[in-house]
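As they're listed, the protein sequences go chains A and B.
Read in order, the letters of the first sequence correspond to residues 1 to 196 in this note's numbering.
Read in order, the letters of the second sequence correspond to residues 1 to 216 in this note's numbering.
Read the hints as simulated data drawn from the structure, not as lab findings.
It cannot be assumed that every hint is accurate.
Said to hold, decoys possible - Selected chain A positions facing chain B (Cβ under 10 Å, derived; list incomplete): (1) Val68; (2) Asp80; (3) Gly168; (4) Ala173.
Please read all numbers here as calculations on a predicted model, not as lab measurements.
Built from N, CA and C at the ideal position, the CB exists for glycine as well.
Chain residues, written in single-letter form:
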Amino acid sequence: MMTPFYKYGLFGDEISLLVAFLLGLGFGFFLERAGFGSARKLAAQFYLYDMSVFKVMFTAIVTAMLGVTYLGWLGWLDLDLVYLVPTHLGPQIVGGLVLGVGFVVGGYCPGTSVAALATGRLDAVVYALGIFAGTFVYAEVYPTIQGFVNANAMGQVTLPEVFELPWGLVVFAVVVIAVTGFWGATLIERRFRSES
Amino acid sequence: MRPPQLTLNQKLAAVALALGALALFSQPHRGPFVKLDAHELALVVEQEVDHVKPAELAAWIVEGRSDYRLIDLRTTDEFAAYHIPTAENAQLTALAEYPLLRNEKIVLYSAGGIHSAQAWLLLRAQGYEGVYTVLGGLDGWKDEVLFPVLPAEAGPRERALFERAAAVAQFFGGQPRTDGAAVAEAEANVLPKLAAPVATGPAVPAAPRRKKKEGC
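This is chain A alone, in the form it adopts within the complex (with noise of 0.2 Å):
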């Protein structure tokens, strides 16, 4: 959100890191709200019986996805300065893989790991120390495999330019798929939840 302001120099690096901080503790206070702040109920949605952060997430998106498409419609919002992370298919694949498989066994992705931190949960300072000496893994191995880390470069692309449809149709059917999914997960809950 903060990305074209700081870019363009609207505001400088003291005054990102403050806008920083504000978010990140908005951030932090809803996800413990949502009762992300338990490696319990992160878990439970690799179990099945409560797909609260599939619906959350993609509730996430899909508000999000309907804001910026109608503020653009609307000419508050030029899309042509949103900044995009650049598409890297291939590693962010392997990216997303090894960050659920982290997920799954340490119950926490990085932002909740830190909400349940600083609520004083044990298992957070576990988790805090394993993305640090992650991080460190990383650094260190980078060179070897930075070849990978930059491989398939698809520059900043959104999903109509990928597919070449229309904006407006890529955004109804990730909402049709969205409420098919909340209903298909409610069904889902009701079976697994029955049989723990």
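Given chain A, work out where chain B should sit, using these hints.
Here is chain B on its own, set in the frame of chain A:
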């Protein structure tokens, strides 16, 4: 008969579906037309937030930053003879077709600074927001980065600053000038060979590239 009672979640899902269906007709991307705000542009120029100092640019290159595009507006021959490391060559007339994105930070330079200022206005008029010029152009780069001068009556502070500038100058293959203008004239025009420090990435204080953290 009473209408069926919907839960909050079902209502929200219905709203999302309705908004999604309406979005089928949306045109969220702005066309090629922009409105120029003359007052805003004048303010940008007056507050001098439209340019990058040569020393700042040098620091970015040493750090190995990759969040900007550096565009050299001079002729192909001049570009081949010497250019600031990491620069791309694009002439003013070809700038409209040159593959630049509106969400990129674009830094322009020419020999003196006039062409880059004109290109700045052209790009701003096409809706590019993050456009900057190198202060003083390539001449500024030479004076400030490649051949920094230690003033004749320099105090300890000036000396310390010069030490830093000298290290940067040597990184870029330049030549710091110590005792005033006399020596300066002789050496000033020898531009460094392109091969050595260009595009090989940071050899001096190699700050690791910071990756932005994303997601949850």
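Q: Would you check whether Gly168 (chain A) satisfies its interface hint, that is, whether its CB is within less than 10 Å of any CB in chain B?
A: It holds, given that the least Cβ distance between Gly168 (chain A) and chain B is near 4 Å, below 10 Å.
**Q.** chain B contact restraint for Asp80 (chain A) - C-beta distance below 10 Å
**A.** 4 Å, holds
Q.
Restraint: Val68 (chain A) near chain B, CB-CB cut 10 Å. Satisfied or not?
A. 7 Å, holds
Q. Can Ala173 (chain A) be said to touch chain B, with a Cβ gap under 10 Å?
A. At 8 Å from the nearest chain B Cβ, Ala173 (chain A) passes the 10 Å test, so the hint holds.
The structure meets every hint from the earlier list without exception.
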